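Going line by line, the protein sequences match chains A and B.
Everything in the first sequence is counted per our numbering, starting at 535 for the first residue and increasing by one.
Everything in the second sequence is counted per our numbering, starting at 535 for the first residue and increasing by one.
Which copy? The list can't say, so a pair holds if one copy fits it or any two copies do.
In the BS3-like style, the derived pairs of lysine-lysine whose C-alpha atoms are separated by at most 25 Å in a straight line are:
#1 Lys570 / Lys656
#2 Lys556 / Lys637
#3 Lys637 / Lys656
#4 Lys570 / Lys612
Because the hints were derived from the structure by calculation, they are not lab data.
Since the structure is predicted, the reported quantities are computational estimates derived from the model, not experimental observations.
Number of protein chains: 2
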Amino acid sequence: MAECELRSDCPINYVSEVIGDKWSLVILRDMLLEGKTRYGEFLASEEGIATNILASRLRMLEDWELITRVPDPDYPTKHRYAITERGLDLVPLFVEMILWTAKYRPIPDERLEDVRRARKDKDGLIRDIRSQFV
Amino acid sequence: MAECELRSDCPINYVSEVIGDKWSLVILRDMLLEGKTRYGEFLASEEGIATNILASRLRMLEDWELITRVPDPDYPTKHRYAITERGLDLVPLFVEMILWTAKYRPIPDERLEDVRRARKDKDGLIRDIRSQFV
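Extracted from the complex, chain A is given alone in its bound form (with noise of 0.2 Å):
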């Protein structure tokens, strides 16, 4: 990790210099939320990231330890991703998330039940999310 080079010692900005890019969240997003772990997988998702996007947020995000290489079981050859416990740490902060734009924008039928859950139970939501990854 290039702790060296931060910009500064702010929690706040640590957070903006490991995941403050467009593209990182919708990355470990289609990791957490979705269930995603394939290279394919990522560059499907609606948003359309580039190739070379990709694989340097791959690469970013395996840097700051926040996902891992790991061999994939369906074709020894290639690697899939999986989240490490220093991302699966996210979680809390990708329900605010989800529970603020809640707040402005209409909500995706595919994520009403998530925001349904995070009103009334956040806990039970951040438990349920992180349990499918252990």
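Fit chain B to the given chain A structure using the hints.
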């Protein structure tokens, strides 16, 4: 707001489009946690934002209605920035960011009290931060 140009309807994508860059979070931190309101104050922050980036990010944050321009009471010909309700609603996200970083990195002295508060009484901390702006 550039709502029509969103890459998708996903609530996480929305957050990434609104604050998914390395500087917007730092400027919002300056406002929410440091009480800064003026261009020159943002410019002086230790992360060292460049003038052209600061100007562009302030404009973006205004476009997304997270901040708004208000007359500067001390300098009648100038303006300063105020956080909007929509911006204030990001406070829970900032508190989660502080907690996440605190799990993995040393926290500078001036933020330790926030970390302690966030761990013990998250809702109280969120209320206290918000109450400084109303």
